[in-house]
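Residue numbers (my numbering), protein chains in the order written: chain A, 7 to 108; chain B, 78 to 704; chain C, 1449 to 1624.
Calculated from the structure, these hints are not laboratory results. Please note that a few of the clues may not be correct.
With beta-carbon atoms standing in for the labels, derived distance ranges [stated by the list, open to error]:
id : chain 1 : residue 1 : chain 2 : residue 2 : range
1  : B       : V701      : C       : L1466     : 23 to 31 angstroms
2  : C       : G1586     : B       : V701      : 35 to 43 angstroms
3  : C       : L1561     : B       : I655      : 55 to 63 angstroms
4  : B       : A688      : C       : G1586     : 35 to 43 angstroms
What the simulated footprint calls covered on chain A by chain C, stretch by stretch (three residues with Cβ under 8 angstroms from a Cβ of chain C suffice, anywhere in the stretch; the number is not a length) [claimed, not checked]:
id : segment
5  : 21 to 32
6  : 43 to 55
7  : 72 to 86
8  : 90 to 100
Just so you know, even glycine gets a beta-carbon here, dropped at the ideal spot from N, CA and C.
Spelled out, the chains give:
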Amino acid sequence: MDGPGVGWYLIVAAILFGVGALGVMLRRSPLIVLLSLEIMLNAANLTLIAFARQRGDLDGQIFALSVVAVAAAEVAIGLGLIVAMARRRLVLDVDRASELRG
Amino acid sequence: MIAGAWICLLAPLAGALAITLAGRRISRRTAGWISTLTTFAAFGGALVAFVGLRATDSADREQLSTAYTWLAAGDFEVGFQILLDPLSSVMMLIVSGVGGLIVWYSMGYMHGDDEERRYFAYMSIFVFAMLLLVEAGNFLLLLVGWGLVGLASYLLIGFWHKRPEAVAAAKKAFVMNAIGDATFALACVLLIWETGTLEFFGVFEGVGSMSSTTVNLVALGLLGGAVAKSAQIPLHTWLPDAMEGPTPVSALIHAATMVTAGVYLLVRASPIFEAAPDIQHLAAILGAVTLLVAGLVALVQWDIKRVIAYSTMSQIGYMFMAAGIGAYGYAIFHLMTHAFFKALLFMSAGVVIHHLDGEQDIRKMGGLKGVMPRTHIAFLVGTLALVGIPPFAGFWSKDGIISSALATGGALGWSLYVAGLVGALLTGAYGFRLYYTVFRGESAGTEASHAHEAKGEGPLSMLVPVGILTVLATIGGLVVIPGVWEPFLHWIDEAAESLVEPTVVQDYGTSAIAVGLGLIGLYLARRAFFTNRQLVTNPGAWRVFEHKLYFDELYDALFYRPVVAIATALRRNVEEPIIERSLDEIGAGTIQVGGEVARVQSGLLRTYTVAIAFAVCVLVIVFVAVR
Amino acid sequence: MGNVLVWVIWFLGAGGCLASGIAVVSVTNPFYSALALIGNLASLAVLYLLLAAEFLAAAQVLVYAGAVMVMFLFVVAYLGGRTDAPWAGEPAMLRTAAVVAAAALLVEVVVVLGLAWGDSLQEPAEVSDSFGSPAEIGELFLTDHLLAFEITSIVLLVAAIGGVVLGTTPEKEESA
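All chains should be modelled from the sequences, with the hints used to inform the complete structure.
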């Protein structure tokens, strides 16, 4: 079936990636940062699958599946961190966690 | 026979090492014995070598023995080699013989000193170094010995290192000798450049093909070293100050041996000097000037050791004069007799000082003839030998020098002749001034000298060497009776042939005049003493002589002050602001930059994220560009 | 006719992706943010189907949207949907820098794509009908990419343990 070429998908993925990056850099709530991170991961997935289709090679899809699994793991840990922070009554603000200073 | 020479060289070194390594485990007395016995062992070796050499054929009397190749650079090679020839054999005997007597004497003199072991170790090092100097077979090894005796001299002058005057004197001696070392080394460099070797025979053969400028420079360099080491004008100011060291040190180093090293060098390198006659005559002139100046200064000194020190300077002036006109045999002959009577004078002075518990001012002495009869005899013999009254040793050698000057003729010869005769007069004057002031008349001293009348003259270890030297000062000159028997001169001739030989008439004629002048000097001194006056009455002259012709002040103004001023100025204007501060600023700057850079680590996670984003951008460009 | 359909579906999917993505980032309420992400995942699934990745589309919806996002929503509910600190504060320089960085990244990617549009991105390869089917993917996982498979499972195990550890209550830790 003819449709949009692979390039179009790549552009969508790129825009999605940029949007996610903006979210990571500009939001202060760790939850939203995590969600933006998910967007970036999904953009990467889209790119992988697009190229898999382009080259006729299923390796891209395998990679994307692994990315999904890893993303799930990361979300689990991230949420665990956030819950722990909330339990200790810390303010959920990324800017407050600034002890990594020089 | 050559083994004897090696033993002579190495015995004192072994002694020094033994004393050093044994440290506090041996008693002080033992250290003294080790030093004395090894020095006498060296004398034994020298004797064996000498006798063996006499037994060999005249043509074979230059024996070179190399232990190993010390230095090799390309074609240039220097071996650790000793030369046994008539000249070196005589020097070996003098150094080890007189040295042994003096070390033995030190056992009594230094008894009770806390650091006796160090003293004897240094003495042994000195004897070794001096023997190395006279036995060396090439210029480099000679230079090594040269430097080492300078070092030993520094160590021994400053032996009582808690005294600031001693330390200052030691430094002064070392620095002035360093000037001589530098010129000597430069001369060696020139020799390597021109002849490619430093061995005596190689160099002497190559002298003929060197340009006149080169050979003059080499001779000048060697002369510079000799002048410094032998305390001749203009590098003489260190010798009087060197009297800060113990008296045996003054006797050994600054009378009998080290200061004569310059004379030895002049004789040993005679082929070089003969190829540069101007420089050789310069040596003679310097010697003549020194002997006059030193004689004048000695007339006004109050310290017993300083009088004898100036006397040494003056006598070495005679030796320089002799070597400068080519009378090598007489130069070495006078070196030997001088070693005898000067060591004798110093050592008897040492007995006096020891007896008076360290008093050295002759104004506080007097009338010691009755208290110390044996020392009195010794000192008298020494003074007679010094002034050159027959048959004592100095007579034969000194007059030989003066008559050689006469035989040389020409303007140079005549002026040197006159200088030598005037010197004889001065010697008589200051020598007997000293004798009368110390030993005759009434005891002018403090309670110290009275209290010690009950004591004996001194321990055996001090009196026996003095006695031996008294005998030597009496008969030591009899190896040269001009016209009759001259074995000594012929012996030295084989190593360095004299350029001038006075006739018998010249010799005896000069002797008569010289002895006469010496007796006049004696008479003047005696008269001045018994009328309670000084020999130099003019206060202006007195002041000039007392300040040693203001040489010290001149050098201070010419060299010391400018250098110190430059150094201080540099420190204030260059080192502190630029170098020190710059280091500080580098440090401060680094901290500052570090502080600035640290602000990047704000701790805000978002900063890091943005940084990562930018990094990724850059990476993308890189990847694209690379592809 | 079919061609137009594909394009329409593509536009719907892409549009939904971008809209929900922007929503995730810009909405203040985290609850709505999470919901927007679910929408994003669904749109992506559509796009995956267009790219002949059926298994992946299904897995995405089941695992990602069905499990991970549910977990997310649980946590948001637990936290009470706070709306504190919506957007980033100072320093202002950082905000502009962030925007610049993202823009730069976008521009770069577009440029690269533009450069490659002509040649390597023209014709997609011919694929069989079973391309992207569970059978093929499963076969690859168990043969060529077995190591990736195993390691991924270990990662998940570690994450599970980590989650448990992080979830222990403070009281329990103090008494231990």
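To see whether the hints hold, each was checked on the structure:
A beta carbon spacing of about 25 angstroms between B/V701 and C/L1466 agrees with the range 23 to 31 angstroms that was offered as a hint. Range check, C/G1586 to B/V701: Cβ separation about 36 angstroms, and the 35 to 43 angstroms hint holds. Remark: the range hint 55 to 63 angstroms for C/L1561 to B/I655 is upheld by a beta-carbon distance near 59 angstroms. Between B/A688 and C/G1586 the CB atoms are about 41 angstroms apart, so this pair conforms to the stated range of 35 to 43 angstroms.
Beta-carbon proximity to chain C at under 8 angstroms applies to 11 residues in the segment 21 to 32 of chain A; the threshold of 3 is reached and the given coverage holds. Counting residues of the segment 43 to 55 of chain A whose beta carbon lies closer than 8 angstroms to any beta carbon of chain C gives 6, which meets the minimum of three for the stated coverage. Counting residues of the segment 72 to 86 of chain A whose C-beta sits closer than 8 angstroms to any C-beta of chain C gives 13, which meets the bar of three, so the coverage hint holds. Given a C-beta distance limit of less than 8 angstroms, the hint that chain C covers the segment 90 to 100 of chain A holds, as 7 residues qualify and 3 suffice.
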